[in-house]
Structure formats: structure tokens, C-alpha cells
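Asks: Following the hints, position chain X against chain B.
As they're listed, the protein sequences go chains B and X. All letters in the first sequence, in the order written, are residues 4 to 391 by my numbering. All letters in the second sequence, in the order written, are residues 4 to 391 by my numbering.
Worth double-checking, as some hints may not be accurate.
Identical copies carry no separate label here, and so any pair may be met within one copy or between two of them.
Mimicking DSS-like on lysine-lysine, the simulated pairs with C-alpha atoms at most 25 Å apart in a straight line are [claimed, not checked]:
no., residue 1, residue 2
1, K334, K45
2, K353, K304
3, K305, K353
4, K353, K308
5, K132, K304
6, K132, K80
No lab work stands behind these hints: they were computed from the structure.
Residue strings, one per chain:
Protein chains: 2
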Amino acid sequence: AEKMELESVEDTLNKYIPPAELTEVKRILYGPEFLRTLQIEKQAGDIANNEDFELAAYEMPLSQNPRQVKIGLIQNKIISPTDAPVSTQIHSLHERISKIAEAAALSGVNILCMQEAWTMPFAFCTREKIPWTDFAESAENGATTKLCQELARKHNMVVVSPILERDETHGGVLWNTAVVISNTGAVMGKSRKNHIPRVGDFNESTYYMEGNTGHKVFQTSFGRIGINICYGRHHPLNWMMYGINGAEIVFNPSATVGALSEPMWPIEARCAAIANHYYACGINRVGTETFSNEFTSGDGKKAHKDFGHFYGSSYIASPDGSRTPGLSRTKDGLLVVAVDLNICQEISDKWCFRMTARHELYADAIKQSTELDYKRDIVYENSLSFLH
Amino acid sequence: AEKMELESVEDTLNKYIPPAELTEVKRILYGPEFLRTLQIEKQAGDIANNEDFELAAYEMPLSQNPRQVKIGLIQNKIISPTDAPVSTQIHSLHERISKIAEAAALSGVNILCMQEAWTMPFAFCTREKIPWTDFAESAENGATTKLCQELARKHNMVVVSPILERDETHGGVLWNTAVVISNTGAVMGKSRKNHIPRVGDFNESTYYMEGNTGHKVFQTSFGRIGINICYGRHHPLNWMMYGINGAEIVFNPSATVGALSEPMWPIEARCAAIANHYYACGINRVGTETFSNEFTSGDGKKAHKDFGHFYGSSYIASPDGSRTPGLSRTKDGLLVVAVDLNICQEISDKWCFRMTARHELYADAIKQSTELDYKRDIVYENSLSFLH
Chain B
4 AEKMELESVE
14 DTLNKYIPPA
24 ELTEVKRILY
34 GPEFLRTLQI
44 EKQAGDIANN
54 EDFELAAYEM
64 PLSQNPRQVK
74 IGLIQNKIIS
84 PTDAPVSTQI
94 HSLHERISKI
104 AEAAALSGVN
114 ILCMQEAWTM
124 PFAFCTREKI
134 PWTDFAESAE
144 NGATTKLCQE
154 LARKHNMVVV
164 SPILERDETH
174 GGVLWNTAVV
184 ISNTGAVMGK
194 SRKNHIPRVG
204 DFNESTYYME
214 GNTGHKVFQT
224 SFGRIGINIC
234 YGRHHPLNWM
244 MYGINGAEIV
254 FNPSATVGAL
264 SEPMWPIEAR
274 CAAIANHYYA
284 CGINRVGTET
294 FSNEFTSGDG
304 KKAHKDFGHF
314 YGSSYIASPD
324 GSRTPGLSRT
334 KDGLLVVAVD
344 LNICQEISDK
354 WCFRMTARHE
364 LYADAIKQST
374 ELDYKRDIVY
384 ENSLSFLH
Chain X
4 AEKMELESVE
14 DTLNKYIPPA
24 ELTEVKRILY
34 GPEFLRTLQI
44 EKQAGDIANN
54 EDFELAAYEM
64 PLSQNPRQVK
74 IGLIQNKIIS
84 PTDAPVSTQI
94 HSLHERISKI
104 AEAAALSGVN
114 ILCMQEAWTM
124 PFAFCTREKI
134 PWTDFAESAE
144 NGATTKLCQE
154 LARKHNMVVV
164 SPILERDETH
174 GGVLWNTAVV
184 ISNTGAVMGK
194 SRKNHIPRVG
204 DFNESTYYME
214 GNTGHKVFQT
224 SFGRIGINIC
234 YGRHHPLNWM
244 MYGINGAEIV
254 FNPSATVGAL
264 SEPMWPIEAR
274 CAAIANHYYA
284 CGINRVGTET
294 FSNEFTSGDG
304 KKAHKDFGHF
314 YGSSYIASPD
324 GSRTPGLSRT
334 KDGLLVVAVD
344 LNICQEISDK
354 WCFRMTARHE
364 LYADAIKQST
374 ELDYKRDIVY
384 ENSLSFLH
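Next up, chain B with everything else stripped away, as it sits in the complex (with noise of 0.2 Å):
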């Protein structure tokens, strides 16, 4: 029997703490009050409704001199079973977000970012690569690519797309990858996972290797984006060269569960839209995914056959320290915002962080740091500092 999930911390607070009370903690948690909560368009909501998903929409807080652009985030369960034959379980995702897509184009959105790898179940767990592998598709030309180019233009809208992708031209080696679309439906280009976990049941370099594309960041016509996908947004440095590159929205297309994360989900990608002037997106799937094979979680406990509940929680941060409220963190949701690009200098210039980064200082400190012989700048007692 699952747990009864809890179903989102922010309708917590505002079931149970009084209006006067519940200002300030709002103001604390989750930044300045200035967040609106936009009219739900009367098609999308129905979508919504039919389909059974979550649709929240809200608008951050403007400068004085906006360039508005309006964010779509998805997160989702897998629809058919595991041991359904893939071409099926691939099937059934490309429809299911083919519909909620449209309820983002219908709610304005400009930007759609899926969540990672959302062709598929998170089966890395398995260290089994049959059937899993038989997910992966070319990132320049594969079906899901194919369709996510129709949506676009369909849409006019930029659809990032997180895969498994194939790389036919160096050997047929996988990545994890996100693939960029115009609104014009061209691809533009792909940014590949950087940072790979090896963390209990996310055996993930068994699959695939740490990227090698960098940190591009893409030219829309909406913006400039870049995308961390999943543990890289553990990494601070990974986060920050989206934004020395120019990144005015990074996406965090992720997959990750409670025991594990779930404290730090709210911390990473906002602390990285504070220290990079940008805004993060935190995108993370929802439920439990059963496999038909058991398998071990390196934590001494028996075999099992899920690793438990994908918490949802999909959310946006600002450069401005505030955040929006998370999605479920048991449904299907969209999230849809809109955010003042111009937001991101005003808040560099107000708050210097780039101005005062010393990053000439850092990139030698850190070079340094990598030598095999280096010496931590560690100090000791002077009258024992002999002994070491």
C-alpha cells in the first residue's frame, strides 16, 4: 500500500496559518508577496480538466521596463506499464504531451520544457540495458524530435525536449540530452547532461557519460536559455557558466525521489537564480514507476522492484530571490509563468554579484586545486605547526 503523499507544502501553510501570520512566512519562504496568480484561459482549463492535470498560472513581478515571456513547465507520470512494448510506451507520452501542450499554447506560453528523459520511465535503477536502451532516439531527427517540431510550429512556440538520445555519428553511444527547437520548428541545437550521479538507485554512468557540449546557451526568439539537466544542478559551477554565457532561463529538467532529494529541491535551483541572475526552473516527474525485474538499492535493503514516489514540485525561482508555489507533488501538472526577462540585469545591477565575482581569482585557485600535488592553504597552531 503507497503512502498517502502529502499533496503540496504551499496549500499547507495556507489551509492552517492565518492570513496576518501567513503574509510573513510566505515573504520568508518563498520571497515578496508580488506574485499574481493569472486567469486560467477558459480552453486550457478544460483541457485541463478533461485530462486530469493540474494547470497553475502565474505572473512575476514586472521592471519598469518589461520583456515579458511566458514559461511552460510538465511534469507527468508514465502512462503505459513498463513491460509494455516500448514503441507503446513511447506512444502514449507523445500524446498525453501532445495535449498538455496545447493547453500551454493556449495559456500563451512562449517556452515549453518537458522533464527529463520523459519519453520513458526513469528505469536506470535496473542496470538492465534491454529495453531500456530501445528508448533512445537520435536527437536531430528521431520521432520525438519530429513531433516536438510540430508542436513548435504548430505553436510558435520553443519546445525543449529531454531524451535518451542515440549519437549514430560517434558509435552509436547514448547520452542524456535535451534537444532545442525553435518556434519555427528548426532544431537548433542539443545540450547534454553534464554531471552523471552514481547514487543508489540512480546508476545513470552505467548508460551514459558526462556531456561534452558544454554550456550552451540558446538564442529564441523568447530568450536565451540554457538547460542543467537533473544532477547538475547540484553542481554550482555547472549553474554558473549558463549564466557567463548569457542564460536569462535555465531549465532543471530532473527526475528524482523523496528520501533522497526532497529537502534540497527547493534549495538548488533557487539558490543558482539568486547567484546567476537568471531564472531557474525546477522540472521533476511524478509517481511510482514499477519494473517487472527486482533489483538492489546499494542501502542494504532487499530487492524491490520501484524505488519510490517522484515528488513533482515542478517550480520557478527569480533572480529576485522570490519563487513561485510548486505544482503537485502527486498530479500531473503545467506550470505556466510569466517572467520579465529584463528582470535579470536590473537585478545584476542592483545586487553586483557578477561585478564582485573575482572570477580571475577563482579560475586559478581552482586550476591550482586540481594538481596532483596541490597543498590545501590549511593553517595550524603556530608552536605545532612543526608537526605537520
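Replies: Positioned in the frame of chain B, the structure of chain X alone reads:
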């Protein structure tokens, strides 16, 4: 009339949310509920009552092989008015902190850290030099260092004492400096603030410049410690270098007010603890400080004599992603936390952020990004690329 300040977010959650949901809300917001409240030692509690400061004590989760030390953080208001003679102001703070240090010693604290520039009001908003520069002292043998040496010897306690430093050896210039004093009473050295704000009332570059002591880590009898002063908490690379040099505990003595930074406060030190596998300790002063002469804040508002409420809320974050509750937003306080330093390596081995960090790559990337002719890695849509 000063507005009524919320006492503490955690108290409000505890007061209103029913137990079952509260456990889940706190797990998500603050990390696993393994934090144990420690019994307050009777004599320490008496001092706290008599002297009217909050005393809170916790034990964080233990590894199989614990190496436990007790950290103490002090947050406080100034005592004398800001127009009292400088020596009176300093003396009153010396007395007050000595008493709180005694309660820390009675609570078994091994390493004690005071707030930023703890011997003075945070007067840098005024942009006046006199009398504020008269608060500056020698790090090696000023009166405040001498007091801290006595406290250290008397209580067998490492003392971290952040002061305004005057460096007579190098032209008598000022620095924002933390002095590290061994439990033997010896001055181990000093660590200067690496990043200086130019934000609103925080005109600190008027008084002192970016520190030149790098990211020293001090091997004390109770673990390796580093000090990242105030605005340095906005800089992930600054946090990182203390970790690279082997810090197990990094203190962040600060002075920061609500309107400006409060939603960032629970995020940044905690993110640093997660990213760098060490304990991070945020300390912020408390109360509103009023000055004789009015000043402006660069925000279009009228001249005024105070710049808002320092919100305290000092806390400790663990490498496991959890954190303690914050001290009061309104009262002086002593936070005593028993931490297990062995957790640092254990969590590092679990999450592998250092192993997967790819620092060689980033050292080069950051170096290149500082070149005057750096070209950002921006991808344009193919058909339009000739335009750029």
C-alpha cells in the same frame, strides 16, 4: 512605531499545522526530522534567563563513527546607543558577549562564533568615517582579540571573532576580518571578507576592500573551520574554495536586513552546505540601529536614520540537506548545535559531488570567460546565424 516582527517561521508552523502534516511539511522544508533537541544545562539556562537571551540547543544526526563537536553561534543587538563614546559602546558589547560565552561554555560549546563586526553598530550605511573607523582594532593584539583569548583559554574553546580590523603594518588600512583564536588562547590567524557589497545601504567598499587572505582553513582542536563573511555567501565559488581547502565547518557571520535579503537567507548557506559537504553556519545580528545623522539609501526615498530590522534567524545547515530551526528574528540568542564531522566525508562518499565536479573543465572555462575578447557560447538559429 516599529512594526510587529514575526518571532520565527518555525514557531508559527509548529503552532498551527496539525502533527501529521507538520512532520511532512518540516521534512520537505527543513530536512529529515532526526534533529534532536538537547536539554539545556541548568546554569546556562539561568544565565540566558537573567540576561534575557534565547538559548536553543540541538544535536544533528550521527554517523556510524561519530566525531562530534559542539558549535555555538551568537546573535545580538548593540547595547549602547550609537552616539555613546566608542569605548562605551565596545565595552558594553564585550561584557554582554562574555556572559553569553559563559553560557556557551556551560553548554559544552567547542567552537564559538560571533556576528560580523560584533563590537560595533553596522554603521557603514552612514558613509561617515568618524567615529566608525575608531572601532577598528589590530587583529593580532587589539583589546577585542585579547578578550577573546581570555575567553578561549578560560573556556577551552575556539573563538571566531569578526571585527573591523586596522592593519598598521600595511598603511593602517581597514579590513572586515575574522580573527581565529585557538582553544589554547593563541591567535591562529585571520580571514578577511572576500567580496564587498555595493548595495543600497551596504556601502562597505567606502571603508574596506576585497580581502587578500584567500580561503584559509584553520585546523583547530575541534575540526577544520573556514570563515566566509557576510556578502561572500552570495558567491558560490567563495563557499567552494573553503571546501576545497578541507573545511568541515564554515561560518558566515553577517549583518543583513529583511527587505533586502530575508528570502535568500535560508537558501544560500544551506545550498553551500549541500554543495560542499560541510556544515554551514549563518549568523545575523538582531534589531534596528539608529544613527544621529540622517543618510540616504539610493532608493529614491527620503533621508532617514535607520535602515531596517536585522532579522537574526541564525541557523546551521548540514551536508545532508537538513538544517536547524533559526534563532529568533527579534531577540539576542545563542544557538548550540552538536554536529558529527564524520558526516562530511560520509555524505561526500554518498553523493559524490566532488568526484563528479569536473573542476579541470571549469577552471579553464572560467579563465577563458575573464578574457577581454571572450565569446560567449551562444547558439543562434542556423538560418539567421550570418546575422550575428
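Asks: Work down the list of hints and note, for each, if the structure agrees.
Replies: Structure-based check of each hint:
In this homomeric assembly, K334 and K45 come within 25 Å of each other (Cα to Cα) only inside a single copy, at 21 Å, whereas the closest approach across copies is 50 Å. Only between protomers do K353 and K304 lie at most 25 Å apart by alpha-carbon distance; the minimum there is 16 Å, versus 50 Å within a single protomer. Taking the shortest Cα distances, K305 and K353 sit within 25 Å of each other only across copies (19 Å), while inside one copy they are farther apart (53 Å). Proximity of K353 to K308 under the C-alpha cut-off of 25 Å is restricted to the inter-copy arrangement: shortest distance 22 Å between copies versus 51 Å within a copy.
Taking the shortest Cα distances, K132 and K304 sit within 25 Å of each other inside one copy (23 Å), while across copies they are farther apart (64 Å). Taking identical chains as interchangeable, the C-alpha atoms of K132 and K80 lie at most 25 Å apart only when both belong to the same chain, with a minimum of 22 Å there against 61 Å between chains.
Going through the hint list in order, the structure satisfies each hint without exception.
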